[in-house]
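K.L.:
What follows is the residue order along each chain.
10 protein chains.
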Amino acid sequence: MLFKVEMKVNIPHDMPADVIADIKAREKAYAQELQTQGKWRHLWRVAGSYANVSIFDVADNAELQDLISALPLFPYMDISVAPLCRHPSSIHLDDR
Amino acid sequence: MLFKVEMKVNIPHDMPADVIADIKAREKAYAQELQTQGKWRHLWRVAGSYANVSIFDVADNAELQDLISALPLFPYMDISVAPLCRHPSSIHLDDR
Amino acid sequence: MLFKVEMKVNIPHDMPADVIADIKAREKAYAQELQTQGKWRHLWRVAGSYANVSIFDVADNAELQDLISALPLFPYMDISVAPLCRHPSSIHLDDR
Amino acid sequence: MLFKVEMKVNIPHDMPADVIADIKAREKAYAQELQTQGKWRHLWRVAGSYANVSIFDVADNAELQDLISALPLFPYMDISVAPLCRHPSSIHLDDR
Amino acid sequence: MLFKVEMKVNIPHDMPADVIADIKAREKAYAQELQTQGKWRHLWRVAGSYANVSIFDVADNAELQDLISALPLFPYMDISVAPLCRHPSSIHLDDR
Amino acid sequence: MLFKVEMKVNIPHDMPADVIADIKAREKAYAQELQTQGKWRHLWRVAGSYANVSIFDVADNAELQDLISALPLFPYMDISVAPLCRHPSSIHLDDR
Amino acid sequence: MLFKVEMKVNIPHDMPADVIADIKAREKAYAQELQTQGKWRHLWRVAGSYANVSIFDVADNAELQDLISALPLFPYMDISVAPLCRHPSSIHLDDR
Amino acid sequence: MLFKVEMKVNIPHDMPADVIADIKAREKAYAQELQTQGKWRHLWRVAGSYANVSIFDVADNAELQDLISALPLFPYMDISVAPLCRHPSSIHLDDR
Amino acid sequence: MLFKVEMKVNIPHDMPADVIADIKAREKAYAQELQTQGKWRHLWRVAGSYANVSIFDVADNAELQDLISALPLFPYMDISVAPLCRHPSSIHLDDR
Amino acid sequence: MLFKVEMKVNIPHDMPADVIADIKAREKAYAQELQTQGKWRHLWRVAGSYANVSIFDVADNAELQDLISALPLFPYMDISVAPLCRHPSSIHLDDR
Numbered sequence: 001m002l003f004k005v006e007m008k009v010n011i012p013h014d015m016p017a018d019v020i021a022d023i024k025a026r027e028k029a030y031a032q033e034l035q036t037q038g039k040w041r042h043l044w045r046v047a048g049s050y051a052n053v054s055i056f057d058v059a060d061n062a063e064l065q066d067l068i069s070a071l072p073l074f075p076y077m078d079i080s081v082a083p084l085c086r087h088p089s090s091i092h093l094d095d096r
Numbered sequence: 001m002l003f004k005v006e007m008k009v010n011i012p013h014d015m016p017a018d019v020i021a022d023i024k025a026r027e028k029a030y031a032q033e034l035q036t037q038g039k040w041r042h043l044w045r046v047a048g049s050y051a052n053v054s055i056f057d058v059a060d061n062a063e064l065q066d067l068i069s070a071l072p073l074f075p076y077m078d079i080s081v082a083p084l085c086r087h088p089s090s091i092h093l094d095d096r
Numbered sequence: 001m002l003f004k005v006e007m008k009v010n011i012p013h014d015m016p017a018d019v020i021a022d023i024k025a026r027e028k029a030y031a032q033e034l035q036t037q038g039k040w041r042h043l044w045r046v047a048g049s050y051a052n053v054s055i056f057d058v059a060d061n062a063e064l065q066d067l068i069s070a071l072p073l074f075p076y077m078d079i080s081v082a083p084l085c086r087h088p089s090s091i092h093l094d095d096r
Numbered sequence: 001m002l003f004k005v006e007m008k009v010n011i012p013h014d015m016p017a018d019v020i021a022d023i024k025a026r027e028k029a030y031a032q033e034l035q036t037q038g039k040w041r042h043l044w045r046v047a048g049s050y051a052n053v054s055i056f057d058v059a060d061n062a063e064l065q066d067l068i069s070a071l072p073l074f075p076y077m078d079i080s081v082a083p084l085c086r087h088p089s090s091i092h093l094d095d096r
Numbered sequence: 001m002l003f004k005v006e007m008k009v010n011i012p013h014d015m016p017a018d019v020i021a022d023i024k025a026r027e028k029a030y031a032q033e034l035q036t037q038g039k040w041r042h043l044w045r046v047a048g049s050y051a052n053v054s055i056f057d058v059a060d061n062a063e064l065q066d067l068i069s070a071l072p073l074f075p076y077m078d079i080s081v082a083p084l085c086r087h088p089s090s091i092h093l094d095d096r
Numbered sequence: 001m002l003f004k005v006e007m008k009v010n011i012p013h014d015m016p017a018d019v020i021a022d023i024k025a026r027e028k029a030y031a032q033e034l035q036t037q038g039k040w041r042h043l044w045r046v047a048g049s050y051a052n053v054s055i056f057d058v059a060d061n062a063e064l065q066d067l068i069s070a071l072p073l074f075p076y077m078d079i080s081v082a083p084l085c086r087h088p089s090s091i092h093l094d095d096r
Numbered sequence: 001m002l003f004k005v006e007m008k009v010n011i012p013h014d015m016p017a018d019v020i021a022d023i024k025a026r027e028k029a030y031a032q033e034l035q036t037q038g039k040w041r042h043l044w045r046v047a048g049s050y051a052n053v054s055i056f057d058v059a060d061n062a063e064l065q066d067l068i069s070a071l072p073l074f075p076y077m078d079i080s081v082a083p084l085c086r087h088p089s090s091i092h093l094d095d096r
Numbered sequence: 001m002l003f004k005v006e007m008k009v010n011i012p013h014d015m016p017a018d019v020i021a022d023i024k025a026r027e028k029a030y031a032q033e034l035q036t037q038g039k040w041r042h043l044w045r046v047a048g049s050y051a052n053v054s055i056f057d058v059a060d061n062a063e064l065q066d067l068i069s070a071l072p073l074f075p076y077m078d079i080s081v082a083p084l085c086r087h088p089s090s091i092h093l094d095d096r
Numbered sequence: 001m002l003f004k005v006e007m008k009v010n011i012p013h014d015m016p017a018d019v020i021a022d023i024k025a026r027e028k029a030y031a032q033e034l035q036t037q038g039k040w041r042h043l044w045r046v047a048g049s050y051a052n053v054s055i056f057d058v059a060d061n062a063e064l065q066d067l068i069s070a071l072p073l074f075p076y077m078d079i080s081v082a083p084l085c086r087h088p089s090s091i092h093l094d095d096r
Numbered sequence: 001m002l003f004k005v006e007m008k009v010n011i012p013h014d015m016p017a018d019v020i021a022d023i024k025a026r027e028k029a030y031a032q033e034l035q036t037q038g039k040w041r042h043l044w045r046v047a048g049s050y051a052n053v054s055i056f057d058v059a060d061n062a063e064l065q066d067l068i069s070a071l072p073l074f075p076y077m078d079i080s081v082a083p084l085c086r087h088p089s090s091i092h093l094d095d096r
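Protein chains in written order, with the UniProt record's numbering: chain A, 1 to 96; chain B, 1 to 96; chain C, 1 to 96; chain D, 1 to 96; chain E, 1 to 96; chain F, 1 to 96; chain G, 1 to 96; chain H, 1 to 96; chain I, 1 to 96; chain J, 1 to 96.
Keep in mind that the hints were calculated from the coordinates and are not lab data. Remember, it's a predicted structure, so these values are computed and weren't measured experimentally. We put the CB at the ideal spot given by N, CA and C, even for glycine. Please note that the accuracy of each hint is not assured.
Not close to chain D: a few residues of chain F, all C-beta gaps over 12 Å, as computed [stated by the list, open to error]:
| id | residue |
| --- | --- |
| 1 | H13 |
| 2 | A21 |
| 3 | D57 |
| 4 | A59 |
| 5 | E63 |
| 6 | L67 |
| 7 | S69 |
| 8 | A70 |
Okay, derived cross-link-like pairs now, DSSO-like style, lysine-lysine, Cα gap no bigger than 30 Å in a straight line [unchecked claim]:
| id | chain 1 | residue 1 | chain 2 | residue 2 |
| --- | --- | --- | --- | --- |
| 9 | E | K39 | D | K4 |
| 10 | F | K39 | F | K28 |
| 11 | G | K28 | G | K4 |
| 12 | A | K28 | D | K8 |
| 13 | E | K8 | H | K8 |
| 14 | J | K39 | J | K24 |
| 15 | J | K8 | H | K39 |
| 16 | B | K8 | A | K39 |
Let the hints inform the model, and build the full structure from the sequences given.
P.N.:
Structure below.
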């Protein structure tokens, strides 16, 4: 089941540089693990911003919550979610 | 070059049913032609709405405008566009 | 899988009274059928408005779209959807 | 009398971890006590967020204020309230 | 139990003058009846607008819905509702 | 002359508890003094929030500014003001 | 007593040209009469729009409502009002 | 050339009192100097707020920027600007 | 003197095709005349929309109003204006 | 390929003056280098603000992201991006 997830990162300006670096390193590793597992199907940067557009492929709403709330950057992001499903005009087999 | 495009359809309630049916048929044919050409890379329905989330793959901004403004439903949609690019944490080769 | 769905009804003021009455009658029958099936788990009126707050219980996003887009009032409503899941502090067994 | 209450948690990033842990523990205990009393009828997590959708069952507006303003997380939440009542199409006896 | 209700009137510009006049006359009669009954405790015009600020005194949410949805202008108004209760600093006995 | 005033309190989370307590005590004393003088005609809590809805009765705009800007919580509140006047359908003698 | 009033004109596109012309002629005459009386102290066009910024000088809120609601274009304008008073740094004697 | 300028002051709550006092004193002196020069034509307080509505009279956009960006409170204000010009219905000679 | 002007076109769906064609033809001729005169310095389409971003070069606010309000599409556009001036970091001689 | 980019600067009020001065100096040098290269085609100040309107000329979305995310002020700005293309009514050869 697919969800569009948009994440906008807002790191507090007074957070120490090494703390930020650690969070970002863990975020990257975690994001790549979820991509490897097929849970994080697409991940794009929005040009001109510190934000991304993502497509998640999860079993249900609960798994979506588990994956997103475990993001190391979760406390520092504005996140919006839209449930997706197959469009009657789509010809792409995997646009479910 | 990829763009996220979101389209929300607002058909005037007093438009004749056959006119609507004709526009929708042409919209579907056109959407499927663009998908076949690889220009309209993904097309999802947003669950619970008359709206879609799409990923377009175009040569440049001008082609994006040409493709979108030719949509039969173009005059009846609220459309928002976000330019995408590769995310440094993506491992998907084609998330460009 | 649960979703909160909020619907605000906006019937065009120049729609004939009998057309409105027919749509409302079909809406009510359909809403009650979905409730009987257990798909539409809760349905409340928001006091002071022509709007409702609902909880849907569906198999997946696709079923949510099928059920909502088939509402007779669908073309005349502003609808917003939020995916729900179990809250770690809930003690209600069925707040999934 | 039922109210839909939505709560979005915004914990200041510079609050000490033990203070946060204490507040959260008290919040959970309080939330479960209100659920046991039947005052907090439903409590769902909104998937992909640090937010909940709740249904409160209270005697009147004053009790709603008493219960919500006593939440340990009250100073750190954006809260919105909508008064609910029976929907004429509901068939659920307790959707009052 | 008190509620603040704000109503903004938007009469369609193509509605016949006699229909408008009839609706307004019935609205006025109904508003005055509710005031006489003590249900509509205050009714003020917002200066420079076709809008009002009102205080309703009702038994519960359901009665609020019954009274407001029966307003002859109900289909032509944007309405917002806020539940009120006693403020700990109020000295007015009837600011409940 | 009446004004509806809405105040939403946002106390900075890092303000010392004794400073907050002092401000709140002065706010309460001042609010009660203005009520005693008849300047602050109504004061209600909005249920489920740290906010109030108030009706002020002042000689003119300048007095409204003097009274509100002297509130001890003034620097920590979002405040909105709407000028009121008699509604042609009001039957309450003092809804001026 | 001064108020800033902003008016944005939205004339329905299907209103007959002679009806519009008549409304505009009456609007202009009325606006000039109020200016002559000193009630409408300033009237500026906002460059690039069909909107104005105005300063009204009235006895009280009720007079503001009387003057504005009598504007021939009143049903076709979005209007916002802000009560003004003397600024402690003003040196202009009549900026009351 | 006239501009409407609206300024809303947001002084950080943790700024030392003497720093604030100094900024405000310089702001007042500067505002009065610009008024004496005829550049700051009107300055009103918005009743119930820490905000003002102003009319500037400048040679061009560049001068507007020079004057506003030199305000001692400039870093602590939300500022909005609207270019003004003569309204065809104005009878005030200096409403240019 | 430069202004950024953004225009979003909203043509009513029930306007006859020949009326629209006539308005658009006159709009194009007028836009090109203003460009030839150097008043309309830049005109770009926003990709994926029926909207433009423009730079106007005018003597003052009044000329901006004259030029924009004479656009044949003026009654059917949402228009926003921002006054521009030289940026201290610009090296382009004509970015005034 | 052209993009309109709008940047609004929000420097935290508690950042040391020398840190700010250093960031601004690097920002200016970088902005001028990109202008020299022809990547930053136009740069205007929005009068009355600490904001700019810019036109970027880049190879693709990825280059836009590279250039903008490298701005020394990037963490302290609200940035919005709109993809541009040739307008059918433009007569300026380089309004691509």
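K.L.:
Each hint: holds or not?
P.N.:
Hints versus structure:
| no. | hint | in the structure |
| --- | --- | --- |
| 1 | H13 | violated, 5 Å |
| 2 | A21 | holds, 14 Å |
| 3 | D57 | holds, 24 Å |
| 4 | A59 | holds, 33 Å |
| 5 | E63 | holds, 30 Å |
| 6 | L67 | holds, 25 Å |
| 7 | S69 | holds, 25 Å |
| 8 | A70 | holds, 25 Å |
| 9 | E:K39 - D:K4 | holds, 24 Å |
| 10 | F:K39 - F:K28 | holds, 15 Å |
| 11 | G:K28 - G:K4 | holds, 19 Å |
| 12 | A:K28 - D:K8 | holds, 26 Å |
| 13 | E:K8 - H:K8 | holds, 27 Å |
| 14 | J:K39 - J:K24 | holds, 20 Å |
| 15 | J:K8 - H:K39 | holds, 26 Å |
| 16 | B:K8 - A:K39 | holds, 27 Å |
Going through the hint list in order, the structure does not satisfy hint 1, though it satisfies all others.
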